[in-house]
Each structure stands twice: as C-alpha cells, then as structure tokens.
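Fit chain B to the supplied structure of chain A, relying on the hints for placement.
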Amino acid sequence: MFAPTLKLRLIGAAFVAAALAGCASMTVRSYTERGAQFPHYTTYIWGTPDELTTGDPRLDNNPFFRDRVRADVDRLLAERGFKKVMAAPADLIVHYHASFHDRIDVNGIDREYGYCEDVDSCRPYIAEAGTLTIDLVDAKAKRLAWRGWAEGTVDGMVENQAYMEKKVDDAVTRIVENIPRR
Amino acid sequence: MTRFLRASLFLVPALALAACAPATMSVSSHVDPSANFTAYKTFSWGPADALPTGDPRLDANPQFKDQFQGAVERELSRKGLTQVTTGKPDLLIHYHANISERLNVTGIDRPYGYCIGQECSADVTTYEAGTLVLDVVDAKTNKLIWRGWSQDPVQKMLDSPDEMTRQINKAVPQMMKQYPKAF
Numbered sequence: 000m001f002a003p004t005l006k007l008r009l010i011g012a013a014f015v016a017a018a019l020a021g022c023a024s025m026t027v028r029s030y031t032e033r034g035a036q037f038p039h040y041t042t043y044i045w046g047t048p049d050e051l052t053t054g055d056p057r058l059d060n061n062p063f064f065r066d067r068v069r070a071d072v073d074r075l076l077a078e079r080g081f082k083k084v085m086a087a088p089a090d091l092i093v094h095y096h097a098s099f100h101d102r103i104d105v106n107g108i109d110r111e112y113g114y115c116e117d118v119d120s121c122r123p124y125i126a127e128a129g130t131l132t133i134d135l136v137d138a139k140a141k142r143l144a145w146r147g148w149a150e151g152t153v154d155g156m157v158e159n160q161a162y163m164e165k166k167v168d169d170a171v172t173r174i175v176e177n178i179p180r181r
Numbered sequence: 000m001t002r003f004l005r006a007s008l009f010l011v012p013a014l015a016l017a018a019c020a021p022a023t024m025s026v027s028s029h030v031d032p033s034a035n036f037t038a039y040k041t042f043s044w045g046p047a048d049a050l051p052t053g054d055p056r057l058d059a060n061p062q063f064k065d066q067f068q069g070a071v072e073r074e075l076s077r078k079g080l081t082q083v084t085t086g087k088p089d090l091l092i093h094y095h096a097n098i099s100e101r102l103n104v105t106g107i108d109r110p111y112g113y114c115i116g117q118e119c120s121a122d123v124t125t126y127e128a129g130t131l132v133l134d135v136v137d138a139k140t141n142k143l144i145w146r147g148w149s150q151d152p153v154q155k156m157l158d159s160p161d162e163m164t165r166q167i168n169k170a171v172p173q174m175m176k177q178y179p180k181a182f
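Residue numbers (numbering that gives the first Met the number 0), protein chains in the order written: chain A, 0 to 181; chain B, 0 to 182.
Just chain A, with the same shape it has in the complex:
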C-alpha cells in the first residue's frame, strides 16, 4: 500500500517541479555600443522615468516595484565602483523599463520530434512573460552606451510582493554583471 503512494507522490512532485521550472527560466543578454568608453565612466545619474506602460496595470506607476529596481541598481553599481550623483553633470544616465505580456509556450509542437516526453510537458500553456531593460546612456555623446536585459516567465510574481522583490533582485544582479568591467 505504501509503495504506490510514494510513487504517486514522487511523480506528482516531478510534475510540479517540471511545470515550475518552465515558469522560472530567465535569459539575460546585453549589448555594448562600439566606442563606448567604459574604462572612463565613473559617475551616473538617474534619467527621467519613462512614461511607457508596463503592459500590466498592477505594475504601472508602482513605487514598490520601481524602488526595488532602483535600490538594486544603486547598490550593484556602487559595488562596481560607479558613483551616483544627484545633479548633472554625470558620465552616464541610467534608465530602466519593465514590460509584461502573455506568451504561448508551444511545447506541444515538439512532441512528434521527441523533445518532450509526457503529456504534461508536451501541452501548450500560457505564461506571463516579463522583460526588464536597463540602459546606460553616455551623457556627453547622448548615445546609448550599453543596454542589458533579462527576460523570462514571471507567473505569480506580481501577486506576491516578497517573490517580486526576489525576482527583481535576481534580474538586476544578472543584468548588472554584464556591464563591461572598468
């Protein structure tokens, strides 16, 4: 009697783990403008916040989200030796933008090719996808010097403030890691 129950639990746990792993992936990339003077950038200032909608009304003009992103960026840039200034001139102007939308994960189409094995991982489902972009603008040249972004599924993120803060911490940490070393 115990053996099937245990097996059942293990299978159930594996399903949940697989489904949640599918919800938790994050891709982090960046782009550095040719000619960007990274060894010479020392100071930065926050640019005016963008007026664009995030695509999720819960996060539009949301100071809890905004303050977390900005505090993380400030802390990590300081660790990298950048200095925040409150008034121009600064070497870099920092902007960020967050964007959210529904995405279809069509795992189902891979079944015929054997890329997914069981009926659960092969079915299509809707995931909430989010992208966080951080821009560093060369203040003198008035050109984007560097853009880094993280994108991934954010299911259940907004509903849970602590989880949202953790996701923001993870994303900002991984984005800032890609800024060229000074």
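Just so you know, these hints were derived from the structure itself, not from any lab.
Fair warning: there could be bad hints in the mix.
To be verified - As a list, the in silico DSBU-like pairs of lysine-lysine whose alpha-carbon atoms are at most 35 Å apart:
1. B/Lys155 with B/Lys180
2. B/Lys142 with B/Lys180
3. B/Lys40 with A/Lys165
4. B/Lys142 with B/Lys169
5. B/Lys176 with A/Lys165
6. A/Lys82 with B/Lys139
7. A/Lys83 with A/Lys139
8. B/Lys142 with B/Lys176
9. B/Lys78 with A/Lys165
10. A/Lys165 with B/Lys169
11. B/Lys139 with A/Lys165
Relative to chain A, chain B alone:
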C-alpha cells in the same frame, strides 16, 4: 487505486498549470512595510485617473465610477476610516480600471478522457481581463502605502449593468480584505 492515481495525476499538473494561466478572479496587494496604518483615520478621493481603461464602454462611465467608489467607501468605513470632503484627509484614494486582452489555451484534456475528437485539439483563445487597481496614498508624504487589485474575466460585466454591480460588489470586499488591519 488506479483511478485515484489517474485522478491525482490530472490534478497535480492542473494545479501547477493553473498557476501559469489564471482565468478566475485573483486578488492581491502590495504594501509599504514601514507605514503605520493605525495613524490613518480619514480619507478622501484623489483626482480622477486620466489613463484610458482600454475599453471605450468603461471610459468615463458614471455608473461604474459611482458603484465602484460606493463599494470602496463602504469597505473603508468598515475598516474604521471616515470619509471627509473638507479639510486635509490622512489618506488619498485613487483607482484605475483597465481592460486588456489575455490569452488562454483550451481543449487539452484528451489524455484524461475529458474531451472527444475535435474538441481535444489545443485552441488558443483570447478573453478580456479586467483589472481594478486601488491606490491608498499618505496625503502628507504623498507616498503610496498600499495598492490592492482584483483581476477577473469581464466579458459579462460589460454586457449588463446588473452584472457590473454584482462583480464590483464581489471584487471590492475581497480586495479590501487585503488592506492591513488598523486595530
């Protein structure tokens, strides 16, 4: 046992996937952990929100505005807060309603025997999701101290005034349950 096993196997991924694609009403909130909610006694409505709702049927809709504001006022008074129309309130309340198109996947239950033939093919459908966002701002510091929201498929709500009343009266109390207790 086998039947139980099958049923459980269906339930587990269904629960996991439900987390990925919520289609029923979801209510939650963000809160400023440093705010002292016991200090707030009075509130009034802040300036109306200038953002479009995303649906012309809801933009500047007085019926919606009155019903929604009425429901919020009821819940706030239950929390011990008094509405003031003159003088300086402790709290300013703002709200924003938004309707946006979301995606859903249907017809994927074949392996569990819940659909037959054509019904089983996976279809991606769109639905209208409504989000009601309620912001509570400390009037002195002009800082947001609490944001609550409710999300729901809203097709029926916009089709009939009675349904709108019903949905508002369901969403607002649930949303306000999230508001920190002041006592």
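Going through the numbered hints above, which ones does this structure break? Give me the numbers in ascending order. Hint check: nothing fails, all pass.
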